[in-house]
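Everything in the sequence shown is counted per the numbering used here, starting at 1 for the first residue and increasing by one.
I should point out that these hints are in silico values taken from the structure, not numbers from a laboratory.
We put the beta carbon where it would ideally sit given N, CA and C, even for glycine.
Careful: at least some of the hints might be erroneous.
Stated by the list, open to error - Pair by pair, the computed Cβ-Cβ distance ranges are: (1) 114 x 58: 30 to 38 Å; (2) 27 x 87: 20 to 28 Å; (3) 126 x 6: 17 to 25 Å; (4) 55 x 85: 17 to 25 Å; (5) 12 x 124: 14 to 22 Å; (6) 19 x 91: 20 to 28 Å; (7) 87 x 19: 35 to 43 Å; (8) 10 x 57: 31 to 39 Å; (9) 8 x 107: 29 to 37 Å; (10) 79 x 106: 15 to 23 Å; (11) 125 x 95: 15 to 23 Å; (12) 111 x 85: 38 to 46 Å.
As the list claims (entries may be wrong) - Below, simulated DSS-like cross-link-like pairs (lysine-lysine); rule was C-alpha separation at most 25 Å, straight line: (13) 70 x 29; (14) 69 x 126; (15) 87 x 106; (16) 70 x 6; (17) 114 x 70; (18) 113 x 6.
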Amino acid sequence: MADLAKIVEELSALTVLEAAELSKLLEDKWGVSAAAPVAVAAAGGAAAPAEAAEEQTEFTVMLVDGGDKKINVIKEVRGVRTDLGLKEAKELVEAAPAAVVENVSKQAAEELKKKLEEAGAKVEIK
């Protein structure tokens, strides 16, 4: 049990972006999706209208355009998406519009948007 308590402590120290990255890594490793149960519950019918009235809690940061300073934007993308190498980050920036991160808090999405815009990109939060 001491090992489990240690894991809980380490997980509690993660930032939102790190937690999102961990979620994606676990989904890839085990071939499952954390979003699947939510989709099934929403498809139930009666629950869907009630959920639509709730405030959005998870956001996607979309890179609309890499801008003139693509190198700076690629650096920022790599800083956030540690799972991407230089080539993959460059491809993501050049493939705009593309999602940089998904299912993050509003605060994390706004922080990332600010960083990317300072680097010269055009960004939307959805």
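Checked hints:
1. 114 x 58: 30 to 38 Å: With Cβ atoms ~19 Å apart, the hint is violated.
2. 27 x 87: 20 to 28 Å: Because 22 Å falls inside the window, the suggested range holds.
3. 126 x 6: 17 to 25 Å: violated (37 Å)
4. 55 x 85: 17 to 25 Å: violated (36 Å)
5. 12 x 124: 14 to 22 Å: Given about 31 Å between the Cβ atoms, the range is violated.
6. 19 x 91: 20 to 28 Å: Since residue 19 and residue 91 have Cβ atoms about 25 Å apart, the given range 20 to 28 Å holds.
7. 87 x 19: 35 to 43 Å: Check failed, 26 Å falls outside 35 to 43 Å.
8. 10 x 57: 31 to 39 Å: About 24 Å separates the Cβ atoms of residue 10 and residue 57, which means 31 to 39 Å is violated.
9. 8 x 107: 29 to 37 Å: For residue 107 against residue 8, whose Cβ atoms are near 23 Å apart, the range 29 to 37 Å is violated.
10. 79 x 106: 15 to 23 Å: Since residue 79 and residue 106 have Cβ atoms about 20 Å apart, the given range 15 to 23 Å holds.
11. 125 x 95: 15 to 23 Å: holds (18 Å)
12. 111 x 85: 38 to 46 Å: violated (23 Å)
13. 70 x 29: Roughly 31 Å separates the two Cα atoms, so the pair is violated.
14. 69 x 126: holds (23 Å)
15. 87 x 106: violated (28 Å)
16. 70 x 6: violated (41 Å)
17. 114 x 70: holds (15 Å)
18. 113 x 6: The hint is violated at about 33 Å.
Violated hints, in rising order: 1, 3, 4, 5, 7, 8, 9, 12, 13, 15, 16 and 18; the structure is consistent with all others.
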